[in-house]
Each structure stands twice: as C-alpha cells, then as structure tokens.
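> Mind docking chains L, B and A on chain F? Use the hints.
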Amino acid sequence: MAIEKKELEPVQPTRKEQMLARFKEIEKKIAEKKVIGPAYGLAKGLSITLKTMTRRAVTQQYPHEVPDLPPRTRGVIALKEENCTVCMLCSRECPDWCIYIDSHKEQVPPKTPGARPRTRNMLDRFAIDFSLCMYCGICVEVCPFDALFWSPHFEYSETDINNLIHEMPTLAEWVNHVKPPPPLDEGAQPEPEADKEAKVFEAGGAVAAAPAASGAPAGTATTPAREAAPGPAAAGSAESTPAGEASAPAEAEAAAAKAEAPAEAKHDEGPVEIDEETYQAELAAGKPERVARAMAKKAFVIKRRKQG
Amino acid sequence: MSAKALIDHVKEATGAVEREEVTPQGQVALHVTPANWHVVAEHLRRCPRCNFSMFNWLSAVDMEDDGFEVIAHLYSASSLQAVNLKTMVPREGGSVPTLTGLWRGASFHERECWEMFGIDFAGHPHLVKLLLAEPFVGNPLRKEFVLMTREAKEWPGAKEPE
Amino acid sequence: MAGREGAGVAVSDPTMLPGGPGEGIALDVAGSSRFATEEMILNIGPQHPSTHGVLRMVITLDGELIIDAEPVIGYMHRGFEKMAEVRDYRQIIALVNRHDWLSAFGNELGVVLGVEALMEIEVPERAQWIRTLLAEWNRVLNHLMFMGSFGLELGAMTPMFYAFREREEIQGLLEAATGGRMHFTYNRIGGLKEDLPRGFLKESSRLAKVVRHRLGDYEGLLLGNEIFKKRTVGIGKLPAAVALEYGCTGPILQAAGVAEDSRKTEPYLKYSEVDFEVPVGENGDSFDRFWVLYRRIEESLKIVEQCHDKIPAGPIMPGKMPKNIKPPEGWIYSRTENSLGETGYYIVSRGGKEPWRMKMRTPSFSNVSMIPYLLRGVLVPDLISVLGSVFFVVGDVDR
Amino acid sequence: MTHLSMIPAIAESHNVFLGFDFSNPWVLLGLKLAAVMVFFLTAPLGVGYAEHKILAHMQARLGPMEAGRFHGWAQLIADGVKFIQKEDIVPSAADKAVFVIAPAMVLVPAIMLFVVLPLGPNGFWVENMDLGLFFALAISSISVIGMLAAGWASANKFSLIGAIRGAAQLIAYELPLVLAGAAVAMQAGTLSLPGIVEAQQNYWFVFPQIFGFGLFVTASLAELSRPPFDMPIADSEIIFGHMTEYTGIKFAFFLLAEYAGIVALSILAVVLYLGGWQGLPFINFIPGPLWTLAKVGALAFFIIWLRATYPRLREDQLQKMAWKYMIPIALVNILLTGIFKVVF
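Protein chains in written order, with my numbering: chain F, 99 to 406; chain L, 2 to 163; chain B, 21 to 419; chain A, 9 to 352.
Just chain F, with the same shape it has in the complex (with noise of 0.2 Å):
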C-alpha cells in the first residue's frame, strides 16, 4: 500500500506573510551569530553561568527553613468534627472512595423544658486514607457544613501505607494548621455568603485571626459549590439538623443573627483544651505525642458536649 506522496500545502494563505517574516527574523538571527563569530555562543555560555555564580542561591533549606505556603494549598484535608453532620456527602462525592465515616443516632435532651427530645447522628469514625486520596478538594467543596477544610500543612508521611489512614483524632488535629482564606481580588465578585462564613471560621476558634476584613470578604472556597450541590443531600442535611440544638451547624446556620452568635459559642464552642486525665493515658500507651494530644482534645469536646 504505497502512498502517493503528494506535497499539501502546509500554512493558510492568510497567514503566508506572517511566515515569511518569521522565517526571515530566523534568517537574521543566525546571520547574526556569525557576523560575531563561531565561538560568541561558547563564551556567552561561560558568561551565563559564571554570572549565575555570583548571585545568590534560590534554594531553600527545608528542614531549617519551613516554607511559607498560601493559604490554600492542599496539603491535608483537616476535620472540624463539631461542624460534622454525617450528612455523608463527602464520602459519596470523593471520586477515590476514601472517606470512611460511622455514626449512630443520640436522643439529645430537649433545650427548653417541656418540648421533644430530639436525635441527632453522632459521628462515631471519620477517616480519610491519604494513600487513595488524590488532593482533588471535592470534599472539602461539597461539605455544606464547613466541617472540612484545606490545611497546608505537609508533613505527615509515614514508613508504611497502612498509617495513611487518618482517624478522626489526627484530622481535627490538623484545624490547627489551617490558615484563613486570603482575600480576593479587587476585581471578583464579593460573595453574600461570605460574611456569614467568615463567622463560621472565627468561631471555630481554628485560627486567631480572620483576614483582615478590606473590602472584599473572604471565604468563598465552597460557594459555588454549595449551589451546585445536588438537591436531595441539601434537604437531608435540613432533616438532621434540628432546629434550636446547639450543635455547630444550627449554629452556623443561626449566625446570621448576629447577636446570638457570640453567646453560643460562648457556651458550647469556647477554645478546646486538652483533657489532661486522657492525655496522660495515651501518653502513657505509649501514643506520640502528636496522637495523644489529639485524643485528649477530643475527650475534652466530649465531655464538655454531655455538660452542656
């Protein structure tokens, strides 16, 4: 099957001229270089690099020197358990079906005497394999309860695969690590949602301080996403979260009132503290340092949840 070569006409006529000033501009270029003579590029080549040598050095020193990363990089997905309403939406959208999540549901006393104890889902396990994740975000995009956030923080890798799996204790960890969202630009879209959001951040006590307000508010990473979020995981999170609980996302949803907003986290959500009796145990089960921190952090949120 021989083919009958036949020459095609390579470039549109419209662009003919354009070529041929190219090719001249080529033309010239190589005349240049001889004009100078055959070996300018050898010494140039000499030149560049001696030149290099005296300027200072671009690298970084790692271990010494930590990076300072933007705030959203996505090094580790962090948990805000409190904010969590097992509404399961993560784990289904996650394309690599590395959210593990268990709960069970709590009759919870009712707030003012005489009305209806209510159930809600506790979460019992939320675990993220790291070594299946693939740092796409859809989670922490989806979540419609800002129980997940983006952390830049990187350096938790492990001897064997098995430790990638991230328990809930190391992923609430991890809020500590996350840095607010930086503010946009002059020219986006300021966002109505994104003062309540910025609400949501300071309350969670995750980071001191939340950007410096100026003009354009910050906090849209799950905007649009919200909106684009499917109808029915919507109004399943509606169904389990019970008006007037005092859990964080009732809280979230009532901080628009501006008012209440403080009193309730002053109440339920004040800075977590280390629950020293469960540290020291952990510490003494011979848990890291970092492990049983998280443990105890976690204790002290439970017990001052059946407190209050």
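A couple of the hints might just be wrong.
Unchecked claim - Derived BS3-like pairs: lysine-lysine, alpha-carbon spacing no greater than 25 Å straight-line:
1. K250/B / K90/A
2. K277/F / K250/B
3. K203/F / K404/F
4. K142/F / K250/B
5. K343/B / K149/F
Said to hold, decoys possible - Computed list of chain L residues with no C-beta within reach of chain F, every gap over 10 Å:
6. Q28
7. A30
8. P35
9. N37
10. D66
11. S96
12. A123
13. L128
14. E135
15. K154
16. P157
17. K160
18. E161
Note that these hints are calculated values from the structure, not bench results.
C-beta: ideal position from N, C-alpha, C; glycine also.
Same frame as chain F, now just chains L, B and A:
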C-alpha cells in the same frame, strides 16, 4: 469549505455516505457502512478539495445492542475543517478495513482500538497489543468489562447514617 | 519478558516503513556498511535516564547506527477512559489533571469547554479571562520543563536547574490561586472554583517580566551554543506531510512548518482577543522544535501580559447554573491547543451524570507513534536529541 | 636557551625531598610513598568538593550543606563511607576476574602519575625522571585498558558501547596530547618536568605555545571524559558507560581515578605551560607549591566551569575534530616550534 459544502461534495463524489450529522456546535460526522469505510476515507485523503492530510485519532464507542461505533477523526490543515468518519460494526466479529495505507499514524490508533474493543482492522500489518500487557484477557472499554476498582471495594458512601 | 519482546522485536511494525528513514544525518561513519557486522538489539527503557518516564524503545543497532526502532508503550496505562465512565464531570476534572501532569490546567480546560458547549452554558467573561491567563502560565511551566530536560539529555545540566528555578516561582504563583502546584483542579463546569486571591495579578505581572528576562539564559546556554547546534541542526528532520499523517500537533507540527494552532484556527476562550503569533519552524529538525518551544514561551508571556490588563471585574460562575451537571444526549469533540499539542476529549453523553464514553486524544500518543520514523538511520546519541525534542509525557502516551 | 646543566634545582641530590635532606633511603622511600598516597587521596577530594559547590552555585543552588555542618565540607568523606558500606554487586553474567580487577587498572596508573609531578622547587616531587614528560603521558593512557576491561567484563551492552567509545576517544586524543607536549619539550630542551618548569623562568610557555596550550587542555578534557567530551559515560544515552554495573567501593575507585586525573593533568598543564611553581614577579614571596596549587585550582575551576555550561558533542564529531583539526594543528605547532628554536 463549509461543513455543508463538504458533506455535499463527499456525498456526490463517493455516493457512499449513509447519513450525515451536524451537531449544534457545528461538528460534522459522516456515517458510512464498514464496507465503504476505506472508500470514503481514501476520497477524503486523496481528493485535493478535501485534503484531509491529518489523521487525528481513531476510536470507538460502545453502543450496547447496536454494536460499536468506530470513529476516525480527520483534519485538514488547508481548509481547517475537521470531520468525524463513523461506522457501526456488530459487537462480535466486527471488522473495519485498516486505514494504515492512507495515513501512517493510523497504526497505533487501530491497535489501541483493537485491544480495547475487540474490533478487527482487516489488513492491518501489525495488529498486536499496544497499551495492554500481552497476557491480558478482555477488551477493557467494552461496557460488559467491569472496572475492578469499583467492584473490589465497598462504596463507603453507600451507608445511611443510622 | 517473553510476551512483549516476542511481539515487538521480531517483526517491527511494517506500517512505519513507507517514506524511508529519517533523513537525519549524512552518514559518513567510517565504512559501517563494509563490514559484515552483527546487529545488536538494545532496550532503551523502561527505566532509562533519557526517556523521562517509562517509555521503552527497542532499537536495532549496527555499531551505533540505529537500523530500526520500535516504541513499546503501555507501562503506565491506567485506564483513564474506563475510569472516566464511572466518574461525574467534576471528578473527571480532577482525573484529567493527571494524564499529562505537566499541563494539568490545559487538560481540565478541554473537559470543561466540551461540557459547557454541550450544555450551552454561558461562562462569565472574568472566568474566561482568568482561564486564558492560567492556561498560558501552565504552558510556560510545561515548556520550561521540556527546555530544561532537553538540555540535560544533551549533557548540559544547567538549563534544567534554571528551568526549575523559574518553574518553582510559577508553581508558587499558581498554588496561591488554585491550591495545587501541579494538579490545579481549578476549573468547574461553568466557571472557576474560586476567584483569584488579592495580589495575584501584581505578582503575575512581576513574574512575567522575570521569566522573560531569564529566557536569555536559555538562549545563551542552548539556542546560541555551537555545540548545541551541532547536536540538533539537521537531526530528526520531520516533513510537514509526515507530521500530519501521524497526527503530530503543537510545537512539533509548527516546527515542521505548519502554523496549525487551535488558539488561532478555532479560537476558544479569549484567544481571539489577544495578540500573539504562532512560531513556525523551517526544517522540522530538533533545533527547530526546540526553537519553536522557546518562541512559544515568549508568545505565552505576551498573552499573559495582555490578560492582566483585560481581566474584567465580575462573577466567576454564571448566575443560573443547573443543579446537576447532566449534559443532554449527544457528542462533542472538544479540542484545545494544550502545551504539547492538540488535546481533545470526545465526550459522548447519554444524559447521565457521567459520560457514556470519553475518548482522550493526547498529543504525546501521536508524537510517540511518529518516533520510529525519525530514528531510522541516526546514531545512538541522536536518539537522545530526537527523543528530547519530540515532546511527550509518558502518562499522556499511556493514559 | 636553557640547558639542563645550567639549572641549579635539577642538579641537587636525589636525597632531597620536600626541602629536607634524607640519608636513610628507606625512610625516604616510605615518606615518598606516604606523600603520594596522601596527596592522591586529598587533592581529588578537594576537586570533587569544589565541583559540587561550583556546579551548584552556577546552577543557582547551594550544593551540599549538611555533612560536616559548615557548607557540607565533609560531603565527599560521607560519600566515601557510603560507598564502602554499599553492597558489592558483581553481575552473574560478568567475567568476574576481569570485572574485579578493572577498577584497579584504572586507579593504579592514576596514582603512578603523581610520582613524577613536581609541585614546587627543591625536591617537591617524588622522582625527577629524565623522561618525566613521556612517563606521565604514557602512564595516563594506560587507564584505557581498565576502561575497556570494565566495559567488556560487565556483560552489559551500554557498558560495552561506553567502553568502546572511551577507547576510541582516548586513542584519538592521546596523539594531540603527546604532540603538544613534544613541542613544549622542544622549547624547553628537556623532558624532565622540573627542568621544564625551570626553563620557564623568564616567560611561561603558554605565550609562545598558545595553540599548544589550547590543544593540550582540549585533549586532556577528552582524555578525562569530561564534559563537553563525556560521551563514554554520557549518562542520558548509555547510563554510565563502562561504570554502569559497578557499585560500592569499586565505583568509588573509578570516580577517584577520574578526579585524580583532573588533578594530575591540571598539574601537568601547569608544569608545561603555566610556569609550574614560578610565581609572578613582585609577589615572589609566596612559596612555590602554593603557586602550583593555585594554578591547578584555576585550571580545575575552568574544567568544572565547562561542565556546568556545555552540552556534549557526538562521538563521531569528536573523532572528526581530533583527526581532522587537532592533530594537523599539533604537527604545525611542532614545526613552528622547531623553526623558532633554530632561528632564535
């Protein structure tokens, strides 16, 4: 050459076009029978008016009961026109004449399509596995071929919060 | 070893034969034909320093002269097309980031443009401009990588480090906006994930100046270097007709003398509103391919700079978006001029959340299928010069 | 015109070593051997470390910074320890005896080269041979046998290609090297290396022998397989040439020989062309050995600088360069030197 002019021209010149298709986005598809596959392709390649000198890609789509739709995407660098040449072959024993004699680049694409769908390319001089390992059994892109990663693992999202 | 070896080596693909060997160099290697020498089969790869990835070349040698070459691919086949069939479109964006990991942004762009066209979604102006800006930055990232690695393969290691110096800064810039250094996952059907952070445009324009300034280093170390010219001029000449037959696109086709660039011929995003040129080579040899790459960086920086002034204020997602991304029944072939050439996604939708079929047309696949044409009749050192200038990413070849 | 007998330093007793007079020949021998080994083990490490740092800074990096705290000065020592600890693998298909002996065949000539190289006046050398220059050039080309042996014994196609390239290259470049050296010997009127240095009292030979110097440096680079002539080990084509299959301490021996080669050929170039230990006028108070080391350092820097800057040539282009250009130029150079000697 506009899409319409091209379709008319090919229809007239070869008489082998079963049906044409222009999508709302303006993309052109010519449907032919497997027997006319090579004839139409040769016309598109050789006719100076068409001059589809670029073989862009070739693949297939599993149409379930209808069989497989084989698509060759051709492009003309002179008229900046693209055309999808399509034909339908049965699920089992489907065969299409090879285009390797017209465009050298067709070889790899046909080998890939052969291993992925099990469509034979009659006359291909070197029809062996390309991307898959030699001992691999099955045609992965057929719909009946299950994706093991989705079968072997339980979907964690299947749970309802209880 | 048995299976692949037997299939590949014994009968090399005869379709490669017409058209004759690559007219690489005039062979005046002392009388290689006079001796009755035995041919040697050499496996280059799958693990070899110059195949940047797991491409394997089975080459038949007479001395150092390559008589036949066959690429053996598939070592990194991950079944992307099958995987795409069980993912919804948002998940696919994260998936396609990863087949050509050096031009992740361009890949996701191809998918979202296709789905948007199918669903007839109007993308806000601001989002389109930001997409254009980031796509060009991604192109610069990719081209810098190949410029550096080409130098490294020819034995000049410094350009590689310079390339990474620049890449590091650009990656930092893109990370500030997208959160990823390589896999951006920044596009969404209809627009973008989130808006640019404050100060991004300022930093971007500073960086554009810096990179443009530092391009001179590459010109001095490679393009203008006599040894580099000796190694590349006239090596691996690819005629335009052959390049088209193999479906080569991007810098390789442009180096062969065809000004085909879908940013010009079928403008998408905002490419019709910015001013840039498509560099065209003369001889289609390794030097021209490299030169086109170099010029493409310059042109991309030009586009980047124009974008800074033209990005309007406004939303980044359309006001009315359908709740579920379910394109209507139909098909579309969405092609974009990606860093290495034409990346296309043939999406067949049956109205579901997931595509019925998504064929990925990747530039590297076509480029690699063309390599044997260039390799016949060149020397082993020129194999490196050819492999380095036929730009491919192995993940993009094998998908 | 200088004559051998006119040079005072050469006339000194053979018992003088490093400026001291020794009466016991055994002590002298032991000291000489120890000096060669110490120099052989330290100077290449110095060059190796300099290469790490200079390359790094030319590439906008820092290079080693950890080993030994201060700017990674102990990096090469750490490397050596690592090499010793590594598993010593001999491929099953290899020709074992040859495979094992090949590194020694490369290493020993590199050590022997240091016997004749003079660093300073008054006995800063081990042996002042009358045929010093020829000895040096002859010994430096023995390593090609080790290279071929390594390539052949490895039973690896890449090694074989590398070894054959290396052999072809060494043979091609030995010629311009020797011819350039011959012109210097003619000019100096002696083959003794200290004698050649003494002959440069008035002016360095780099001035009359500028072409010879260029040839000598280029040919040395080719002989050392240093970029831009590193095709025998071209790592992007043939992995690492004849060293591909070597691991651990054997591989370290090859590397040590390479860096010792840089030092040795730099000293040789300094001795032949740059006046050896002869300092510049007015700053003559600096001792001779320091002058030599400074000049060697400058040459080594230049060699490293080339590595940072240039891509490598192709083997056939290199051969063409040797046979078509460099050897004729070297011959013409000898002719001109001869005319120069006769006329003046």
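> Is it true that the CA of K250/B sits at most 25 Å from the CA of K90/A?
39 Å, violated
> Does the claim that K160/L lies off the interface hold, with its Cβ farther than 10 Å from every Cβ of chain F?
7 Å, violated
> Would you assess whether L128/L, listed as outside the interface, keeps its beta-carbon beyond 10 Å of every beta-carbon in chain F?
15 Å, holds
> Going straight from one Cα to the other, do K142/F and K250/B come out at no more than 25 Å?
16 Å, holds
> With d taken as the least Cβ-Cβ distance between P35/L and chain F, does d exceed 10 Å?
18 Å, holds
> With 10 Å as the threshold, tell me whether P157/L passes as away from chain F on beta-carbon distances.
5 Å, violated
> Tell me if the straight-line CA distance from K277/F to K250/B falls inside 25 Å.
52 Å, violated
> With 10 Å as the threshold, tell me whether N37/L passes as away from chain F on beta-carbon distances.
Non-interface label on N37/L holds, nearest chain F Cβ at 18 Å vs cutoff 10 Å.
> Is the straight-line distance between the alpha-carbon of K343/B and that of K149/F 25 Å or less?
Since the Cα atoms of K343/B and K149/F sit roughly 57 Å apart, the hinted pair is violated (cutoff 25 Å).
> Can we trust that E161/L is non-interface, i.e. its beta-carbon lies farther than 10 Å from all of chain F?
At about 7 Å from chain F, E161/L fails to clear the 10 Å cut-off, so the statement is violated.
> Check the hint pairing K203/F with K404/F against an upper bound of 25 Å on the C-alpha distance.
Holds, because 15 Å separates the two Cα atoms, which is no more than 25 Å.
> Decide, holds or violated, for the assertion that all CB atoms of chain F are farther than 10 Å from the CB of K154/L.
K154/L is in fact no farther than 10 Å from some Cβ atom of chain F, at 6 Å.
In summary, the structure is inconsistent with hints 1, 2, 5, 15, 16, 17, 18 from the numbered list given earlier, while agreeing with the others.
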